[in-house]
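Going down the list, the sequences are from chains X and U. Under the UniProt record's numbering, the letters of the first sequence match residues 1 to 462, in that order. Under the UniProt record's numbering, the letters of the second sequence match residues 1 to 426, in that order.
Don't read these hints as lab results, they were simulated from the structure. Here the structure is a predicted model, which means the values were calculated and not measured. Careful: at least some of the hints might be erroneous.
As the list claims (entries may be wrong) - Listed next, the in silico EDC-like pairs over lysine to aspartate or glutamate satisfying Cα-Cα at most 20 Å (straight line): (1) U:Lys87 with U:Asp61; (2) U:Lys87 with U:Asp63; (3) U:Lys60 with X:Asp389; (4) X:Lys128 with U:Asp16; (5) U:Lys374 with X:Glu21; (6) U:Lys294 with U:Glu312; (7) X:Lys336 with U:Asp16; (8) X:Lys393 with U:Glu272; (9) X:Lys336 with U:Glu342; (10) U:Lys87 with X:Asp389; (11) X:Lys128 with U:Asp353; (12) X:Lys336 with U:Glu287; (13) U:Lys12 with X:Asp389; (14) X:Lys393 with U:Glu276; (15) U:Lys12 with X:Asp392; (16) U:Lys12 with U:Glu293; (17) X:Lys393 with U:Asp16; (18) X:Lys393 with U:Asp283.
Stated by the list, open to error - Label pairs and their computed distance ranges (CB to CB): (19) X:Arg269 with U:Arg425: 45 to 55 Å; (20) U:Gly316 with X:Lys182: 51 to 61 Å; (21) X:Asp294 with U:Gly316: 28 to 38 Å; (22) U:Ser377 with X:Lys182: 36 to 46 Å; (23) U:Asp16 with X:Asp294: 52 to 62 Å; (24) X:Cys190 with U:Asp353: 50 to 60 Å; (25) X:Lys182 with U:Glu342: 30 to 40 Å.
Where a beta carbon is used, it is the ideal one built from N, C-alpha and C, also for glycine.
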Amino acid sequence: MAQPNIQDSLVRDFAALVGAEFVMTGEADRYAYSYDAAALPPVMPGCVVRPGSTEELGRVVSLCNHHGVPLIVRGAGTNLSGGTIPQHGGVVVLTNRLTRIVEINEEDLYAVVEPGVITARLAAEVAKRGLFYPPDPGSQTVSTIGGNVAENAGGLRGLKYGVTKDYVMGVEFFDVEGQLIKGGSKTVKCVTGLNLPGLMVGSEGALGVFSRITLRLIPPPQSARSMMAVFASIRAASETVAAIIAAKILPATLELMDNFTIRTVESFRRAGLPTEAAALLLIEVDGHPAQVADDAVKVEQICRENGSETVTVARNAEERNAIWQARRDALPALAKLKPTCVLEDATVPRSRIPAMIQALQEISREYRLPIGTFGHAGDGNLHPTILTDRRDKEEMERVERAVAAIFERAVALDGTLSGEHGIGIAKARFLEQEVGAATIGYNQRLKAAVDPKNILNPGKMV
Amino acid sequence: MADLHGLAQALKQLDDQLVNCMRCGMCQAVCPVFAQTGRETDVTRGKLALLEGLADELLKDPDAVNDTLNRCLMCGTCQANCPSGVKVLDIFFQARAILTGYYGLSPVKKAIFRGMLANPRLFNALSFIGARFQFLFTKKADELLGSSCARFQAPLIADRHFNTLAATSLHARTGSLNTPAGTSGLRAAFFPGCVVDKMYPSVGLAVIKALNHHGVGVYLPANQACCGIPVLSSGDRQGFNRLVEQNVKLFADADCTALVTPCASCTATIKELWPEFYDGSADIGAELRRLAEKTMDISEFLVDRCGVAVFEPVPGASVTYHDPCHLKNSLGITRQPRQLLESAGAHLQEMEDAGTCCGCGGTFNIYHYETSKKIGSHKADCIVASGASTVTTSCPACMMQITDLLSRRQSGIGVRHVVEVYADRL
């Protein structure tokens, strides 16, 4: 295990800056920051620092650069790409003391937050003021806004409301020298300079360190209606997805569960799901009450026209909750089958979902691995979940080959390696396959220009 | 390093359970200790990773892992919310036992667990003497709560406001009881638990009053031993076995429908930890499981078995209810205590975060008092904000912690067990 030599003088400088209790150098403390939520081997950092203000954060960045030491920013460490594993050792910088919601502006509809603010907390504070912050990654109760922006996190509402990038209006971040860089603004329109927010969203900690983020807020939908449609074939379910969009209806959420997942969830919760069904679509339309009523009828009709035998429309909050509980149960239920879950997020254009599902079934057979597939059918973002045991070396090798096959098939279907989890360590070696060597070279030159000593999350993405 | 290797081998027993943690980190949302410290070593994911690191010999610092493991309230909230269903409490109890085996039990703990707790007569005698002389060291802090604080600087007590030992313990007041089933046709074995017996006899008396009222025969044998949770939490499996054996023998002959306790921790311990962790003589296995199966929280017994009386609402005063971790997280009991309060005509005013830990965590409060106070401070805020004049709960350990919190604030809010509120109306 790597234990790069962090000089004692640097540790003393950190301690003088942020306070000794916020610098961790003990073996156990460092080990606790050697992993994230990806099923990858742990790597220990040399030390862990928790700045208490953005000023301190900037100083920490410049100290790391001065010493040429890798710097890995970590929020809640829930990312699934290995993006916060300190691959080359160095300093893990925690943002969990930078948790101020600086401003929620109800007139101009934006919020300014520090990077350590927890997503669900922001959403709740915004909701208290009658506004809406839509991105809802699965880990939102613990994930941080800084992490969401760095990974361009998605969620269940991606189809209608978009993902994190659609809500980032402005960013303030430190460059490697600890200088404060500003991009974007609090205005709806802004074409001043390079689109730095665009550059920083999804940059996985490789180009700068966020100190403040300005997020767009919107009015919440006034009403919503949920339904569950049962299909005898995946093809019928996928065609229904296409037909709903073609009918000019944009549901807030349009989720798919395959038979394997349905059976697993059913044996987990016994909520009466149709275990014979090849697929379920869980759909929610929202907006103006009249529009919602209209859309719900049309969606129900489209489901039936495309071969759905039963469509259950929730009549009250309890029934609505039952529908979404089935979706919320998907990962926990699959997770309980085997010790290790490799949760992928290969994404294809919506029209290619049937082909992708078929490919996943073939891969499951070929590599003799159980794969449960659920996910955001509406935006083509599927979560094939491979069930395994990370202690079984032979099986893990098959998992690795199966994952490579999943990416290959997704890219061949005009899809992408990652819909919402990011590249990190997990997918770095597949990147060229999707974007080509020239693109990687361009990324590398960009990175070298802003981070000449390559201290910002080295070894990730490119 | 031979020792460390031995420790790693011992921890390997936990491998099948440790591997289930997929490091999703969702425990960060619910862990009361992590909420205060923000350190990964203080949240379940971190602790499980460290145990695995030690087992895999990637880590060479058992002291730090041991410290980390002890910085846990064992409230079970993470387990109740874990997407992968990791049996966190099981793992931690076992890991603590393994680490205690590695370090050996401290002489003080050995004296308490195997000397005092395992000898109810001695424990009773010591608390009798303690109750006589405690006035020398303590002074009154809050009249309403009956709390005291230290008269002199005392490291173990610090600035705690606590309920002193009762002048007359429950067992001294009632002696042993063995009454036949009355109108209900039911008979309950009664396990008050150490804290109720020695500190809150009024809770025990309320239980007996309620059982009598409902025509339930009571079996209360003398010389009950501690349920064993502090002993098991400290990793002393041998001491735990002894306590379980003593109690099982004591209750073995009772012809009772249920074994009731007014202590959430005792209930969860007898019901879940006895069958799971007792690994002594096989002879008592069947009897132990039979007892565990019929163990019930007092509210659960009164509401589900006795059919509680419903009283006219009491005007004005309102009560709020704090869910003890051992009832809510371990046993999933949240409805019956509230129903008991409402039956008593109390106006139940729910507090925010009623189900989050008060920060007591048994011995956690002793070793990590500052963190315990911070966690409790949020609970106290919620209690005060509820506007209720009394906070009720179903666990005497929570009562101690909440009394400390409210007494130091001089909040004017009373602390009672739900069964006391019910018994008042009988």
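Any of the earlier hints contradicted here, and which numbers?
1, 2, 3, 4, 6, 8, 9, 12, 14, 16, 18, 19, 21, 24, 25
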